[in-house]
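Chemist: For reference, the chains in residue letters:
2 protein chains.
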Amino acid sequence: MSKALKLYYDLLSQPSRALWIFLEKTKIPYERCLVNLGKGEHLTEEFKAINRFQKVPCIADNQIKLAESVAILRYLAREYRVPDHWYPADSRRQARVDEYLEWQHHNTRAMCAVYFQYMWLRPRMFGSKIDPKRAEQYKAQMESCLDFIERELLGGGSSFFAGEEISVADLLAACEIEQPKMAGYDPCEGRPKLAEWMARVRDATNPYYDQAHKFVYKMSQETAAKPKL
Amino acid sequence: MSKALKLYYDLLSQPSRALWIFLEKTKIPYERCLVNLGKGEHLTEEFKAINRFQKVPCIADNQIKLAESVAILRYLAREYRVPDHWYPADSRRQARVDEYLEWQHHNTRAMCAVYFQYMWLRPRMFGSKIDPKRAEQYKAQMESCLDFIERELLGGGSSFFAGEEISVADLLAACEIEQPKMAGYDPCEGRPKLAEWMARVRDATNPYYDQAHKFVYKMSQETAAKPKL
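Protein chains in written order, with full-length UniProt numbering: chain U, 1 to 229; chain Y, 1 to 229.
Some hints here could point you the wrong way.
As the list claims (entries may be wrong) - Here are the simulated distance ranges between beta carbons: (1) Y:A89 with U:A225: 52 to 62 Å; (2) U:L34 with Y:Q63: 37 to 47 Å; (3) Y:Q141 with U:F126: 17 to 27 Å.
Just so you know, the hints here were simulated from the structure itself, not pulled from any lab data. Yeah, the Cβ is synthetic: ideal placement off N, Cα and C, and Gly gets one too.
Please build the complete structure, drawing on both the sequences and the hints.
Modeler: This is the structure we're talking about:
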């Protein structure tokens with residue numbers, strides 16, 4: 001098989017990691033195309049020709065250029081032979097996976113990313129100061145979302161969001177929930193179901209999960225080692 | 001056919017209108033279950049048992065309760081016999097529809113709703129004052145999104161987002177873009193392609209489009225009739 005499929009990504013981006021892990025784990029042949037967000041490579045005219053939305057991740061595959069991680073995961077599950085559990089053909093289970101994939105945009109994705117950006121990324125990139133009131137507000141929003149996952153999405157006793165096997169919904173979620181660790185926040189503390197589920201997602205996708213999160217783990221350790229203000 | 005399918009909705013909600021129009025147009029038998037957002041009916045324990053996310057729209061159908069409009073549209077297109085153009089079976093066209101459905105969460109949906117809520121809903125519900133600077137910021141974000149749709153999504157000369165026939169992406173988008181009209185903003189002004197496309201979506205889904213937007217049209221006229229500050 002030729003590597004017609006190209007993945008444009010940066011492992012600092014949560015959905016880029018999810019796609020990278022998915023491609024590695026399912027053994028879909030693809031070409032790695034690094035796009036360094038820190039250097040602003042996604043803002044060049046060259047990259048705009050690949051993705052008009054000027055974001056990562058995105059793919060190019062034969063005659064299609066596709067953005068949006070959820071749309072890409074659906075496309076890959078449809079076009080390539082991947083085990084059914086990733087995106088179930090069963091209509092009701094697929095609907096349950098879809099429900100999470102849509103819900104997460106304004107919840108897991110938005111809340112964890114906003115907290116991470118405000119507490120970790122912006123101070124490092126722009127030297128911006130942290131307003132404790134605002135930090136508390138972002139933290140509370142993120143915690144409300146994580147508590148909902150603990151209570152509602154993992155409260156039923158299933159191993160994963162949509163049953164006993166991992167789906168793209170779990171993978172996308174776990175990659176988002178790793179992000180605030182870099183800012184010194186432990187999402188698993190006080191959430192035993194979330195902690196066990198995170199471990200299951202990692203187990204189900206290793207060694208690729210750990211490889212994709214190498215930088216995240218390193219930054220998390222560095223932040224944890226610093227004295228708290 | 002029995003009406004096993006129940007739609008929980010409020011026509012003030014943009015994705016509720018999209019689902020309502022879709023169900024009417026495709027003649028899927030369903031039961032209308034009004035949930036009055038203004039009266040807080042979505043916050044009751046009774047409704048929580050139907051939708052743990054406590055939002056509209058949602059559906060109940062045989063053994064599934066499903067939230068998130070995009071997940072619901074995919075489920076309905078899969079479970080019921082609807083014309084292919086709504087959600088194309090062709091993988092590349094489906095991917096293009098999916099790409100919009102995912103992108104819109106943080107763009108069309110977020111930008112048009114934030115402007116509408118800040119300029120129209122919050123002053124009426126909570127008596128909140130409008131800060132001109134913030135209003136300008138929300139307007140600029142919304143306009144940047146609408147310009148992107150004009151230039152990138154409708155710039156290629158197609159009648160609809162993913163070809164020559166209407167899909168769920170167009171319907172969901174149009175219902176979002178109607179919303180700021182209530183706050184006195186005309187999204188079609190200076191955007192000829194958007195104006196023509198909006199007219200095409202309306203034509204393709206009438207008389208249901210007009211029926212669903214009755215309140216929106218009425219409020220838009222009232223706002224337009226008021227002297228500008």
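Chemist: Failing hints, ascending?
Modeler: The structure breaks none of the hints.
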